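Undergrad: Be aware that the sequence shown starts at 254, since it is given in this note's numbering, and climbs by one per residue.
Since the hints were made in silico from the structure, they are not lab data. These numbers were taken from a predicted model, which means no experiment stands behind them. Keep in mind that a hint or two might mislead.
Claimed, not checked - Within a straight-line C-alpha distance of at most 35 Å, the following computed DSBU-like cross-link-like pairs (lysine-lysine) qualify:
| no. | residue 1 | residue 2 |
| --- | --- | --- |
| 1 | LYS382 | LYS368 |
| 2 | LYS368 | LYS336 |
| 3 | LYS336 | LYS382 |
Unchecked claim - Each pair of labels, with its calculated beta carbon distance range:
| no. | residue 1 | residue 2 | range |
| --- | --- | --- | --- |
| 4 | ASN503 | ARG361 | 31 to 41 Å |
| 5 | TYR478 | ASP356 | 24 to 34 Å |
| 6 | LYS336 | PRO385 | 15 to 25 Å |
Note that the Cβ used here is the ideal one computed from N, Cα and C, for glycine as well.
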Amino acid sequence: MTSSQKYVKHPGLTSIKINRPGLNCTQKLIDKYRFVIIRSHNLPIRPKTSSKLPIPVIFLIFFCLFIPSLSQAQFYDTVHRPKLEWFEIQSEHFRVIYHEGLDDLAHRTVNILEKRYPEIQDLIGGQLKNYPVIINGYNDNGNGYISTLHFRMEIEAPPISGKILNHVGSDRLDGLLSHELAHALQFSEFGTNGFTRFLSIFSPDIARSNHGLTPPGFREGLATYVESELNPQVGGRGNFAPFTNQFYQNITGPSPWNLG
Numbered sequence: 254m255t256s257s258q259k260y261v262k263h264p265g266l267t268s269i270k271i272n273r274p275g276l277n278c279t280q281k282l283i284d285k286y287r288f289v290i291i292r293s294h295n296l297p298i299r300p301k302t303s304s305k306l307p308i309p310v311i312f313l314i315f316f317c318l319f320i321p322s323l324s325q326a327q328f329y330d331t332v333h334r335p336k337l338e339w340f341e342i343q344s345e346h347f348r349v350i351y352h353e354g355l356d357d358l359a360h361r362t363v364n365i366l367e368k369r370y371p372e373i374q375d376l377i378g379g380q381l382k383n384y385p386v387i388i389n390g391y392n393d394n395g396n397g398y399i400s401t402l403h404f405r406m407e408i409e410a411p412p413i414s415g416k417i418l419n420h421v422g423s424d425r426l427d428g429l430l431s432h433e434l435a436h437a438l439q440f441s442e443f444g445t446n447g448f449t450r451f452l453s454i455f456s457p458d459i460a461r462s463n464h465g466l467t468p469p470g471f472r473e474g475l476a477t478y479v480e481s482e483l484n485p486q487v488g489g490r491g492n493f494a495p496f497t498n499q500f501y502q503n504i505t506g507p508s509p510w511n512l513g
């Protein structure tokens, strides 16, 4: 070893012994420590690194690319919520949250959901416990949706609803709740193995959102079947002539797969 060289402690390197003429440095194991003999400029000799991306980085890239493309209905919508007093009804599977003035509607909602739960669960699977159902009467849209982030069901119950919402029967609420309950049970199912079950370990919300990647014709078609067939006397779009005519026109036309 020349005077221009010295020992530098470097515990992170693999210890090997190289003694060939012409090499600029020698790695040598001394007792239990690893030392590297390097030139006097003291630059450490770094081990050769792999060019492959770590697995966590690959997963991060995947989430950044695909999660924003999920259905926008799964993300919380910023709306003005009036200052009202809110109440809650708890049942075996649901927590129905509603504001003042909707007491009768809230009790009907609990009864319908608990009545439909066993038969829809037998068809779809999944399981719900203390599932929040939020009812508001200050939106004229007259619709419902499931959010996989902060997993919940929201029902918009306008004070006035005409035939365009009721279609066939007089109880539109039954058909709407059956439709949304089918979605909720579908999103709650993680399976016993596979990618969705793996994601549920780290983030149940993201795992549920994975179901949003299924074709709309399958996802919405299943919910429409539920609302139409389980209790046809109360309505459902499958029993509504304008809807079924449009369906048959597409399914028998030159591009039947556009329904998907």
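Undergrad: Hints first: check each against the structure and report whether it holds.
TA: Okay, the hints, checked on the actual structure:
1. Note on LYS382 and LYS368: the hinted pairing holds, with a Cα-Cα distance of about 15 Å set against a maximum of 35 Å.
2. The hinted pair formed by LYS368 and LYS336 meets the criterion: a straight-line CA distance of about 32 Å does not exceed 35 Å.
3. Under the criterion of a C-alpha separation no larger than 35 Å, the hint pairing LYS336 with LYS382 is consistent with the structure, at around 28 Å.
4. Separated by about 35 Å at the C-beta atoms, ASN503 and ARG361 satisfy the suggested range of 31 to 41 Å.
5. Taken as a hint, the range 24 to 34 Å holds for the pair TYR478 and ASP356, whose Cβ atoms sit roughly 32 Å apart.
6. Separated by about 20 Å at the C-beta atoms, LYS336 and PRO385 satisfy the suggested range of 15 to 25 Å.
Hint compliance for this structure: every hint is met.
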